[in-house]
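**Q** Now for the letters of each chain:
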Amino acid sequence: MNPVLVLGGGPAGLSAAAELASLGAPALLVEKENYLGGNPKRWHYSLLAPDLKPAEEVLGELLRKVEGNPRVETRLETTVTQVEPAGKGFRVSLRTRETLETREVGACILATGFDHFDSRRKYEYGYGRYPDVLDFKELEGMIHDDRILRPSDGAVPKRIAWILCVGSRDLQVGNTWCCRMGCAVSIKQAVEIRQKHPEIDAYVYYMDIRTYGLWEDLYWKSMQQYGVKFIRGRIGQITMAEGGKRLVATGEDTILSRPTEVPFDMIVLASGMEPGHGTQEAAKLFHLPVGPEGFLTPKVADINPVDSGIPGLYLAGAATGPKAIPDSVTEGMGAALRAFQYARD
Amino acid sequence: MSVVAHLPHRTLSLADEEASSPPAMELTGRRRMSAAERSLAETIYQEFRADPRHEEFVLGCLNCGECTTGCPAARFYDFSPREMLQIAANGDATTLWDALQEKIWSCCQCYTCNMRCRFGNDIAGIISVMRELSVRHGVESTRRTLAPFGRSLTLLMTVGTQVSSDMIQPDFFRDWGPFATGSDKAWDVSPEIMRKAIPIDVLQTTRSAWEVSVQTSLELFRIYEETGVLDMLRGLDPDLTEMLVDIIEERREEFREARETHRARLETMRGPVATFQG
Ligand code: SF4
Ligand code: SF4
Ligand code: SF4
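In order, the protein sequences belong to chains A and B. For the first sequence, position 273 matches number 273 in my numbering, and the numbering has no gaps at all. Add 345 to a position in the second sequence, counting from 1, and you land on the number used in my numbering.
It should be emphasised that the hints constitute simulated quantities derived from the structure, not laboratory data. From the three backbone atoms N, C-alpha and C, an ideal C-beta is built for every residue, glycine too. Keep in mind that a hint or two might mislead.
From chain B, some residues computed to sit far from chain A (all C-beta separations above 12 angstroms) [claimed, not checked]: (1) G410; (2) Q431; (3) L585.
Covered stretches of chain A, as calculated for chain B (at least 3 residues, CB under 8 angstroms) [claimed, not checked]: (4) 232-240; (5) 246-255.
Turn these sequences into a full structure, and let the hints steer you where they fit.
**A** Written out as structure tokens, the structure is:
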């Protein structure tokens, strides 16, 4: 049996490769970066919402199933540059910086994932200009190392704000969708910081809190046990005050119906999810249709979210839309099963 | 003293109070409406919802408040564009009526809210639709709100401009322009200086901006007549309207005389000529 190509080594791709191996099928796992683990690894995610389980633990489990598994052939720093039909499957060109190689595969799984929204595009928040305005993926790294310090002067912040939906639910940047995880991750970060440093005040500016399903528990606890404060309204601009020493967030408190202007030591932006570069490339490579949002679209999303509509080609994870890690892992399994069935007979 | 203190406030006569039907709004703390007000409010509401611009301008709202964040009026008044949009989208006849009383006049039509809105609403536009209805129906509070602006209105209607070019000086508009935005000092301007930005006592003004040709003035007024603006104004302020009509009639007469003189002069030189019939 020819191997099944799994494109992308994030949670969905790892899960797919691990599942194929457990079914007894060979998997060819191709990742463009020089590590496995995708965005969670890249940005050093700390604890994962909602169970506050360390990301390393969750990823570690997936990685253990893949790394050193004789059925999984892993190719790092490799991209697929060409693809054509070959029998029932595909012939793909794998390119590294030095080499170009052609392989035949029985089926393909696209687990090309997402990119975080580039917060510089919301210029009114001054991200990239004001050092103390952080993207929440950067804060993940700080929390992970337990070094919550203001980038500008290394001081311990007294008051931190989170702004939700940055680059999401926003017609002006063209991203009208919800990122699904920004609320939960921000609240989780606030909780983590309050747990370790109760002297730091945490404010979350929100339009709606979308800790859907069982995640809602995190939201409740954040108020009840950790005293995280929630203010309804999206900050409209961040400026500098006190001679450039402190950030000021301006917005409307839409519950009290009055403008607010609050100084903060650090402001964290919950940047949304966009179709990743790899996902866009994959769409071109396989001539796949994309939705109005730019994500790949399953043929019949509600019945079979992993079928692309092209025989032998399957989709998994955030390539088809914003997704949390457990959902990506589930889809990886589903895609693996479908690919296995297809490539086997 | 804030400008809002100069705005007229609603007063209610005892007769009004007695004539009003059951106190539907009592629990909300709002004052009762008379039967006449209630019926006018309903008419305005129906017209508002039927206006094709409503559908075009009001799309939906996330209640994010970003429109209010950038709104200069929200800084000074009990006013927010988000509230106006909410009233436009979800309000009823009574809430719309309430907004017409004073709030819609707080907006300075700078369109910042539109620029900020993440949903693509035309908030400034829908506010101006509310104003238009309010003027068209001669809402009493509108009459009083606009009363102090008779001078501005007269200039707008007769010469088409209210501010002359040399009024636009940085010193008079300290809260405007590139040096004000983004600075936390933007709103630290003393009330005296802010006051200067309101060209009521027209400091250092040349009169040239208001010296338009008679013909321009007449064409402008013809537009106001043809488009129904003059009728709208008549409903609101009949006295001012009559005064304007007088001014324009005088100018028309002036123009006719000048034309006759001119024609006569031309005819003595080269026979009969056709002229503009303004
Ligand atoms: S999950 Fe929360 S932060 Fe993300 S777009 Fe939805 S509402 Fe906004
Ligand atoms: S147009 Fe009116 S409502 Fe909108 S920002 Fe300007 S003053 Fe505020
Ligand atoms: S900016 Fe738009 S979406 Fe946000 S509150 Fe204002 S009207 Fe609603």
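**Q** All hints, please: hold or fail.
**A** A quick look at each hint next to the structure:
1. Look at B:G410: its CB is around 3 angstroms from the nearest CB on chain A, not clear of 12 angstroms, so calling it non-interface is violated.
2. With a least beta-carbon separation of about 10 angstroms from chain A, B:Q431 fails to lie farther than 12 angstroms from that chain, contradicting its non-interface assignment.
3. At the 12 angstroms boundary, the C-beta of B:L585 stays outside the reach of chain A, the nearest C-beta of that chain being 35 angstroms off.
4. Only when three residues or more bring their CB closer than 8 angstroms to a CB of chain B does the claim for the stretch 232-240 of chain A stand; here the count is 8, and the claim holds.
5. Under the rule that three or more residues need a Cβ within less than 8 angstroms of chain B, the assignment of the stretch 246-255 of chain A holds, with 6 such residues.
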